[in-house]
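J.: Single-letter residue listing:
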Amino acid sequence: DVKVTQSSRYLVKRTGEKVFLECVQDMDHENMFWYRQDPGLGLRLIYFSYDVKMKEKGDIPEGYSVSREKKERFSLILESASTNQTSMYLCASSQPGGMSASGYFGPGTRLTVT
Amino acid sequence: QKEVEQNSGPLSVPEGAIASLNCTYSDRGSQSFFWYRQYSGKSPELIMFIYSNGDKEDGRFTAQLNKASQYVSLLIRDSQPSDSATYLCAVNTNTNAGKSTFGDGTTLTVKP
Chain A
1 DVKVTQSSRY LVKRTGEKVF LECVQDMDHE NMFWYRQDPG LGLRLIYFSY DVKMKEKGDI
61 PEGYSVSREK KERFSLILES ASTNQTSMYL CASSQPGGMS ASGYFGPGTR LTVT
Chain B
1 QKEVEQNSGP LSVPEGAIAS LNCTYSDRGS QSFFWYRQYS GKSPELIMFI YSNGDKEDGR
61 FTAQLNKASQ YVSLLIRDSQ PSDSATYLCA VNTNTNAGKS TFGDGTTLTV KP
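Chains as they are written, first to last, in our numbering: chain A, 1 to 114; chain B, 1 to 112.
In isolation and in its complexed conformation, chain A is listed as follows:
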């Protein structure tokens, strides 16, 4: 069964803290994605990765960075958390190619920055 896991379901952090969100997939997928989802704004792509140590900016990369040291793990880093980064963060994975859905989503991390 397809499985994408995220390190936390709920997280509360203070403004200025460095925040790490972890995502692990067990499907040997090449592609991994980080989205945020906000009411009225839909799913917005933050960063994605097509291979280990490879990353590309999505639509809203400002204030975020990512790390992919191993194929199965993709981390999202908020360098200095701000209140406007309060959101639901969703990780997804997929196989390469235009026919692949991106994808299989993890359960999400609801981050609150106070």
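Careful, some of the hints might be misleading.
[Unchecked claim] Only pairs whose alpha carbons sit at most 27 Å apart, straight line, appear in this in silico BS3-like list of lysine-lysine:
no.	chain 1	residue 1	chain 2	residue 2
1	B	K2	A	K3
2	A	K3	B	K42
3	B	K42	A	K57
4	B	K56	A	K13
Because the hints were derived from the structure by calculation, they are not lab data.
Put chain B on the given structure of chain A with help from the hints.
T.: Chain B alone, transformed into the frame defined by chain A:
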């Protein structure tokens, strides 16, 4: 114009009716099309995909694709209260290696 647009909701149908969810896309190079269901507070779940013009049926769900009109739809027959959710349309082009562009979603409520 948004790359992927879905019919504005919310959509409400009585139990047992057919729910019709629509999506249009702007990139003529789009090759594959996906429907996700998202329950409140949960992450999106892939329920249907379609690559070729025409209809694709899976149980009570039918996806319809018309590439000439740049239009994809999802029909839910015999709608159940458990179908109440937000439905997201997603579109891939062949060149973006599995990176989908999502619509904003349509919220469906099925009333008993």
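J.: Now tell me, hint by hint, if it's right for this structure.
T.: Quick rundown of the hints versus the structure:
About 31 Å separates the Cα atoms of K2(B) and K3(A), which puts this hinted pair outside 27 Å; it is violated. Under the criterion of a C-alpha separation no larger than 27 Å, the hint pairing K3(A) with K42(B) is consistent with the structure, at around 15 Å. The suggested pairing of K42(B) with K57(A) holds, with an alpha-carbon distance near 25 Å, which does not exceed 27 Å. With a C-alpha separation of about 45 Å, the suggested pair K56(B) and K13(A) falls outside the 27 Å cut-off, and the hint is violated.
Hints 1 and 4 from the list above are not met by this structure, while the remaining hints are.
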